[in-house]
Amino acid sequence: MKRFNDLTDFDAQEIAGLLELAGRLERLPEPHALEGKVLSLLFLSPSLRTLASFQAAMARLGGGSFVISPEMSIHGLEARPGIVMDGAAAEHVREAVPVIASYGDAIGIRAFAERRDLDEDLADTEFENLVSLVDVPVINMESAIQHPCQSLADWKTLDDLGIPAEGGKFVLSWAYHPLALPLAVPAAAVRMASQRGMDVTVLRPPGFELPPPVMNQARRLAAASGGSVTETDDRREAMEGAHVIYAKSWSSTLHYGDRPGDQALREELLGWCVDEPWFEPAREDCRFMHCLPVRRGVVVADGILDGPRSVVVPQARNRMLAQMAVLYRMMKG
Amino acid sequence: MKRFNDLTDFDAQEIAGLLELAGRLERLPEPHALEGKVLSLLFLSPSLRTLASFQAAMARLGGGSFVISPEMSIHGLEARPGIVMDGAAAEHVREAVPVIASYGDAIGIRAFAERRDLDEDLADTEFENLVSLVDVPVINMESAIQHPCQSLADWKTLDDLGIPAEGGKFVLSWAYHPLALPLAVPAAAVRMASQRGMDVTVLRPPGFELPPPVMNQARRLAAASGGSVTETDDRREAMEGAHVIYAKSWSSTLHYGDRPGDQALREELLGWCVDEPWFEPAREDCRFMHCLPVRRGVVVADGILDGPRSVVVPQARNRMLAQMAVLYRMMKG
Amino acid sequence: MKRFNDLTDFDAQEIAGLLELAGRLERLPEPHALEGKVLSLLFLSPSLRTLASFQAAMARLGGGSFVISPEMSIHGLEARPGIVMDGAAAEHVREAVPVIASYGDAIGIRAFAERRDLDEDLADTEFENLVSLVDVPVINMESAIQHPCQSLADWKTLDDLGIPAEGGKFVLSWAYHPLALPLAVPAAAVRMASQRGMDVTVLRPPGFELPPPVMNQARRLAAASGGSVTETDDRREAMEGAHVIYAKSWSSTLHYGDRPGDQALREELLGWCVDEPWFEPAREDCRFMHCLPVRRGVVVADGILDGPRSVVVPQARNRMLAQMAVLYRMMKG
Numbered sequence: 001m002k003r004f005n006d007l008t009d010f011d012a013q014e015i016a017g018l019l020e021l022a023g024r025l026e027r028l029p030e031p032h033a034l035e036g037k038v039l040s041l042l043f044l045s046p047s048l049r050t051l052a053s054f055q056a057a058m059a060r061l062g063g064g065s066f067v068i069s070p071e072m073s074i075h076g077l078e079a080r081p082g083i084v085m086d087g088a089a090a091e092h093v094r095e096a097v098p099v100i101a102s103y104g105d106a107i108g109i110r111a112f113a114e115r116r117d118l119d120e121d122l123a124d125t126e127f128e129n130l131v132s133l134v135d136v137p138v139i140n141m142e143s144a145i146q147h148p149c150q151s152l153a154d155w156k157t158l159d160d161l162g163i164p165a166e167g168g169k170f171v172l173s174w175a176y177h178p179l180a181l182p183l184a185v186p187a188a189a190v191r192m193a194s195q196r197g198m199d200v201t202v203l204r205p206p207g208f209e210l211p212p213p214v215m216n217q218a219r220r221l222a223a224a225s226g227g228s229v230t231e232t233d234d235r236r237e238a239m240e241g242a243h244v245i246y247a248k249s250w251s252s253t254l255h256y257g258d259r260p261g262d263q264a265l266r267e268e269l270l271g272w273c274v275d276e277p278w279f280e281p282a283r284e285d286c287r288f289m290h291c292l293p294v295r296r297g298v299v300v301a302d303g304i305l306d307g308p309r310s311v312v313v314p315q316a317r318n319r320m321l322a323q324m325a326v327l328y329r330m331m332k333g
Numbered sequence: 001m002k003r004f005n006d007l008t009d010f011d012a013q014e015i016a017g018l019l020e021l022a023g024r025l026e027r028l029p030e031p032h033a034l035e036g037k038v039l040s041l042l043f044l045s046p047s048l049r050t051l052a053s054f055q056a057a058m059a060r061l062g063g064g065s066f067v068i069s070p071e072m073s074i075h076g077l078e079a080r081p082g083i084v085m086d087g088a089a090a091e092h093v094r095e096a097v098p099v100i101a102s103y104g105d106a107i108g109i110r111a112f113a114e115r116r117d118l119d120e121d122l123a124d125t126e127f128e129n130l131v132s133l134v135d136v137p138v139i140n141m142e143s144a145i146q147h148p149c150q151s152l153a154d155w156k157t158l159d160d161l162g163i164p165a166e167g168g169k170f171v172l173s174w175a176y177h178p179l180a181l182p183l184a185v186p187a188a189a190v191r192m193a194s195q196r197g198m199d200v201t202v203l204r205p206p207g208f209e210l211p212p213p214v215m216n217q218a219r220r221l222a223a224a225s226g227g228s229v230t231e232t233d234d235r236r237e238a239m240e241g242a243h244v245i246y247a248k249s250w251s252s253t254l255h256y257g258d259r260p261g262d263q264a265l266r267e268e269l270l271g272w273c274v275d276e277p278w279f280e281p282a283r284e285d286c287r288f289m290h291c292l293p294v295r296r297g298v299v300v301a302d303g304i305l306d307g308p309r310s311v312v313v314p315q316a317r318n319r320m321l322a323q324m325a326v327l328y329r330m331m332k333g
Numbered sequence: 001m002k003r004f005n006d007l008t009d010f011d012a013q014e015i016a017g018l019l020e021l022a023g024r025l026e027r028l029p030e031p032h033a034l035e036g037k038v039l040s041l042l043f044l045s046p047s048l049r050t051l052a053s054f055q056a057a058m059a060r061l062g063g064g065s066f067v068i069s070p071e072m073s074i075h076g077l078e079a080r081p082g083i084v085m086d087g088a089a090a091e092h093v094r095e096a097v098p099v100i101a102s103y104g105d106a107i108g109i110r111a112f113a114e115r116r117d118l119d120e121d122l123a124d125t126e127f128e129n130l131v132s133l134v135d136v137p138v139i140n141m142e143s144a145i146q147h148p149c150q151s152l153a154d155w156k157t158l159d160d161l162g163i164p165a166e167g168g169k170f171v172l173s174w175a176y177h178p179l180a181l182p183l184a185v186p187a188a189a190v191r192m193a194s195q196r197g198m199d200v201t202v203l204r205p206p207g208f209e210l211p212p213p214v215m216n217q218a219r220r221l222a223a224a225s226g227g228s229v230t231e232t233d234d235r236r237e238a239m240e241g242a243h244v245i246y247a248k249s250w251s252s253t254l255h256y257g258d259r260p261g262d263q264a265l266r267e268e269l270l271g272w273c274v275d276e277p278w279f280e281p282a283r284e285d286c287r288f289m290h291c292l293p294v295r296r297g298v299v300v301a302d303g304i305l306d307g308p309r310s311v312v313v314p315q316a317r318n319r320m321l322a323q324m325a326v327l328y329r330m331m332k333g
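Chains as they are written, first to last, in the working numbering: chain A, 1 to 333; chain B, 1 to 333; chain C, 1 to 333.
Next up, chain A with everything else stripped away, as it sits in the complex (with noise of 0.2 angstroms):
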């Protein structure tokens, strides 16, 4: 595996090869896998579950990898191409990119969305840029618009929920939060649960559309794989029968790089809190997921969260076993 970027980049045998090497990592540890091999981890936005969960995964099987963030230069990371550089920043990530990448047997790289032009966050430019300046195995660990290694973890967590593909309903729910947050993970969400051939459902506020590329590929996904995928702003008819609600606030779309704009709609909508009410026409053991970190009863209710229905640490536990899995295919001879 050369690049681990776009969950869809893997069909459905692939994955649960995956999935199932992860499940198999878990209870016959392989602590010699990757001895000698290093992973280069570079993060151009903070992160807490990537960070620990990459390194623990390199360690479980045996390997080493090192953590790089701009304010370990000397005056940060340059971007921007052909640029003179006589201010603050002493290096620029043409430089320090590659050579990042030059130390280890792959690299996992974060870059997040600008938000300021749609079309540039859906093409994955600054990532792929990035990316276009490595020769080693490549894993996206949070872009713009991808983060397969949250939804790997995401569908090994409803796979062990036993939540079924065939008829399993799954709500991606967008939720309040006082901030303009990037479109990667509802993105990475919708596309992962059709491709898994679930009937999901959209659930967002007015303004708050996906963007048709987005909703284009998850119908494509659902079509092949047996799912179907609906878009609604009507919490009673998302969440009727519903397997489990996937919540997550994002950016409006129809104000994208307009926070002013996105503000205003927002402040309307501070009743976009996950509470029990929601889950009434849902089924009884109807579960909640999120990505973290998640705002206490700003996105979701303290009562929903410390409850039974909520499985956020083993959806987040599940990251450091599906990165083994992808790691081992990347580096294992």
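Read the hints as simulated data drawn from the structure, not as lab findings. Hints are not guaranteed to be accurate.
[Said to hold, decoys possible] Taking lysine-lysine pairs in the DSS-like style, the calculated list, with each CA pair at most 30 angstroms apart, reads:
1. A:K332 with C:K2
2. B:K2 with B:K332
3. B:K332 with C:K2
4. A:K332 with B:K332
With chain A held as given, fit chains B and C onto it using these hints.
Frame of chain A, contents of chains B and C only:
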């Protein structure tokens, strides 16, 4: 071992076993003992020795570790229960801590004292709240009132120096410092020396008495081990025949949580800087111990730190060796 | 090997042996060579390549490492001797450095130049003070006047490119940079090329002459190795027939420690940005080397860095390989 939180949870024989193991792992390295094992390290307060010595300890045993501190999350970690997270903090410890723990085979947690309410700090409320979120084995890397890794290293240091348990005189002395520091180290030191069976004197100015629960526990430990515990503000009396002086500054217990009150009392005590004249009534070979970091010329004179009495560097090195024994017992199948 | 501080401590045969080992460890990995061994990494100045390449090097050889930088202690590290520590700093290097060293089988230390007094920097006073506190083997990870890891990597890079020692023409050129940078890299580069037996030209504007002790040492090395050393401010003369140009900015030695004086001189020299016309009198295949980080459009034109002359990425990768050889020699029983 599921929990290394309080050295008094272990009897003298168990402690001897840990120290024997520490010595053996130094003489006969076992670089495969913890292969594929991971230690999660969570620092809610800054650290140097603990940070370095735990990473080194795991590496020497063939395992790995990762470090998380609050600034690695997007905007710090929220710890208050029931709060609506609409401020800066994007993540709550209720999610972060169990997730971080779930990536490891054990977790080390450092959480300093709040120093607002003495009873809360004596009950180790903040640390115990964090531990309740975790279901893997836990190591206390310093909390409001415990520092068992320091105590085990200190015990080993006394053994290494050949300072007798029976009849060995241990002076724990308050020293001047510009800030009101936590009680964990003095409480741990007085318990450790009492449990070891030494004749313990706590030397401190009025207003800096250790809390009664700490002193009472030390007296019970001394009664069981054949040691003794006394308290005084008379330096000459305290140092008479001492084998070792263990210096440390701590908050005024008379003005606990009241910074101006503490400061007013403290300002009169600049003379509590350990120096050669203190040792006149002590044994000629009386040693100087300190957990570090130490302020030169404030807590102790340069001449003592740079002279033959000081054992602060081997004492700090024993942190690594003691922790290797704990990790081995905790993680090895 | 107890000390890797100055490449000139090693003769040509020893250097050839290290580079042969570096090549062998790349071709035939030895992921168990340093199992259970620990490298302490102390950075008193920021780093990217050194930070990443040492961690990667240890992991490839099966060992571990940990990183300490001043912000990890409570309020920075104090380095001044004899000071009463009643200010912000809570820890002195006299305790911190031996403790950090004691957790490892070797220690790497980075301490930049103070750039106040040229003689002190040439004597490497700050670094030598730190080394005197340590009793494990020490690697200089860049000090006021040494950078042996860079030199060994540079030597390997020249070998890899097939640039001859005898008759190979090496140009060390000053370049513009907005800040007054240390002398370690240019001093190390001119020594390295002289020791390798090359014909070395130092190209620099008036006021930026390398210090006489550095040039005299280079001339002695060249005399022993069959090379030569010249100095000029005439670009055309310098570049005539060059195999390689090694660009680097450094402080004015005429105004050392005098920032306004340095700045006034420097402002006239914006034209010292390496670009294609520089290469006109050089060999057609003349290469461009730089230790990184490099300011694009300031030190060197984008076209050079992005074109076939530049070897800065393999040069930086050689840092890891060269350091693996040093670590192997230093730590393997």
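Here is how each hint holds up against the structure:
no.	hint	result
1	A:K332 with C:K2	violated (35 angstroms)
2	B:K2 with B:K332	holds (12 angstroms)
3	B:K332 with C:K2	violated (34 angstroms)
4	A:K332 with B:K332	holds (26 angstroms)
When each numbered hint is compared with the structure, violations occur for hints 1 and 3.
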